[in-house]
Amino acid sequence: MGITREIETEVAIVGAGPAGLSAAYEIAKAGGEVAIFDENERPGGQLFKQIHKFFGSSRHGAGVRGIHIGSKLLADCEEAGVEIHLNAVVYGIFPDAELGVIIDGHSVRVKAKKVLIATGATEKALAFDGWDKPGVMGAGAFQTMMNVNYVLPGQKVVMIGSGNVGLVVAYQILQAGGKVEAVIEAAPAVNGYSVHANKLKRQGVKILTSHTVKRVLGESSVEKVEIAKVDEHFQIIEGTEELLDADTVCVAVGLTPSIELLKMAGVEMTFLPKMGGFIPLHNEYMQTSDPDVYVAGDSSGIEEASSAMEEGKLAGVCIAGATGHLTEEEQQSRMQEIRESLLALRSGKGGEGRRAGNQEIVRRYEEWKRKNQDQ
Amino acid sequence: MEKKESRPIAVIECCEEIPCNPCMSACPHHAIVIEGGIHHIPQLKPELCVGCGICVARCSGQAIFVVGQEQDYGVVSFPYEMLPLPEKGMIVDGTDREGQTVCQGEILKVMIAKNFDHTTVVTLKVPLGKEDTVRGFRFREDR
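In order, the protein sequences belong to chains R and H.
Take the first sequence: its position 373, counting from 1, is numbered 380 in this note's numbering, and each next residue is one higher.
Take the second sequence: its position 7, counting from 1, is numbered 9 in this note's numbering, and each next residue is one higher.
These aren't lab readings, by the way, just hints derived from the structure by calculation.
One should not assume that every hint holds.
If we take Cβ atoms under 7 Å as the criterion, some of the chain R residues that face chain H in the derived model are [to be verified]:
{"#": "1", "residue": "67"}
{"#": "2", "residue": "68"}
{"#": "3", "residue": "198"}
{"#": "4", "residue": "277"}
{"#": "5", "residue": "281"}
{"#": "6", "residue": "284"}
{"#": "7", "residue": "285"}
{"#": "8", "residue": "355"}
{"#": "9", "residue": "376"}
Some residues of chain R that are not near chain H, with every Cβ distance over 10 Å (derived) [what the hints assert, rightly or not]:
{"#": "10", "residue": "182"}
{"#": "11", "residue": "201"}
{"#": "12", "residue": "208"}
{"#": "13", "residue": "335"}
{"#": "14", "residue": "353"}
Label pairs and their calculated CB-CB ranges [as the list claims (entries may be wrong)]:
{"#": "15", "chain 1": "H", "residue 1": "9", "chain 2": "R", "residue 2": "48", "range": "26 to 36 Å"}
{"#": "16", "chain 1": "H", "residue 1": "48", "chain 2": "R", "residue 2": "370", "range": "27 to 37 Å"}
{"#": "17", "chain 1": "R", "residue 1": "243", "chain 2": "H", "residue 2": "111", "range": "46 to 56 Å"}
{"#": "18", "chain 1": "R", "residue 1": "334", "chain 2": "H", "residue 2": "119", "range": "50 to 60 Å"}
{"#": "19", "chain 1": "H", "residue 1": "117", "chain 2": "R", "residue 2": "88", "range": "48 to 58 Å"}
{"#": "20", "chain 1": "H", "residue 1": "38", "chain 2": "R", "residue 2": "334", "range": "54 to 64 Å"}
{"#": "21", "chain 1": "R", "residue 1": "343", "chain 2": "H", "residue 2": "35", "range": "50 to 60 Å"}
{"#": "22", "chain 1": "R", "residue 1": "344", "chain 2": "H", "residue 2": "38", "range": "18 to 28 Å"}
{"#": "23", "chain 1": "R", "residue 1": "379", "chain 2": "H", "residue 2": "48", "range": "51 to 61 Å"}
{"#": "24", "chain 1": "R", "residue 1": "49", "chain 2": "H", "residue 2": "111", "range": "46 to 56 Å"}
Everything numeric in this text was worked out from a predicted model, so none of it was measured.
Heads up, the beta-carbon is just placed ideally off N, CA and C, and yes, glycines get one too.
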């Protein structure tokens, strides 16, 4: 295929989701030159699938549906002159902030001064007897087919996992005209927000806590789902099995950061299960162990869309500062505002844990930095 | 969540700390307050609430209802994001927080507004006393 083209830009961003777009807007607004690369045919990451109204502060788009927040962000970016390359697969990252990209089947070399990796997350899988049958899929996959492609891939769904993804997607299945047979949760209590759970309950959906999926029955597709109660050690209690009629099993058991490019870049990683698994070490400027490589959004630790947008802004402001488009003072004052929004979003149920997780990542970065300097 | 007045006013069933505050800015009468950080639970000032239902449509968690009593019947307004929409005058089943039918009800009002952004506020007439239990409705088979 050969290298056919070269793109030079000040800042290259991988991923046009909430974090990548928010960062791009900050950089372009400050006068920086930004190009975003995204492998999808549409920008927005997961934002355009989110048809529910977001939580958060009403000053920052709360009460607005994710899809509308996405459209606004995209329009802002276009107006600010951000270059967005779609169907652009970034297959490699090389020293000195260079990317290898396939755009519409052509190989392109991208040279930048700074790179932001905002590649989001991947759904975690769950292995059980029959998990490879057609009809067993990630809740996010179901949501994409339903809300982006207007196809309802199943009529009778068993949702595994009661985190906010499981609860929100289950409700959207009802809105799309499907039926949710049950939401299954291994923990003794609902994992996501109770208001999301209550919306489902009012529609008559059962949320079965301390339950797991044992196996999926069916010749060549999902026909029945066997569930069972679990004890406090998450072991199946024999004799509690129950068969549910279903044609689809949605798995919503958490997300893990998409860190393939970051691994290839050779940045330092740390393992922090509560933030989704392996996380790129980064400081409070969202800068990894490679000073030219930044991270934001779920690829820097699993949170939610509003936090991803604020983190994107934070990375954007720091990159704009590092490339000389913001003075130290301007950068610090913007950072302070964004940090306050992030602190507010990282509060309450679930938020405290994410706040502690982020502090832990930065603490480990500082520890790594000290050790590295000592050598 | 406690309700002392009988006229229809907002009942906030948001009992978990969520960093969220659109209800507060939605209320034109400043009847909803969130003190001490946006993750705190919203509180209603009943004396300021006129039961208009704007917060019902604006709450991202669909956790606010307008509940009260008229002379000889109860009324409940709740957010509705399903299709088809009910019509005024329709007789439906009133359902509780678990989706179980608890009584029969009549659709009194179907409120659609541009700034509600596709959240419809439906008001249901229910037998006296059922307004504290009913939180939704189901179309009847024979409609």
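**OP:** State the violated hints by number, sorted upward, taking the hints as numbered earlier in the document.
**Re:** When the structure is compared with the hints, numbers 1, 2, 3, 4, 5, 6, 7, 9, 10, 11, 12, 14, 15, 16, 18, 19, 20, 21 and 24 turn out to be violated.
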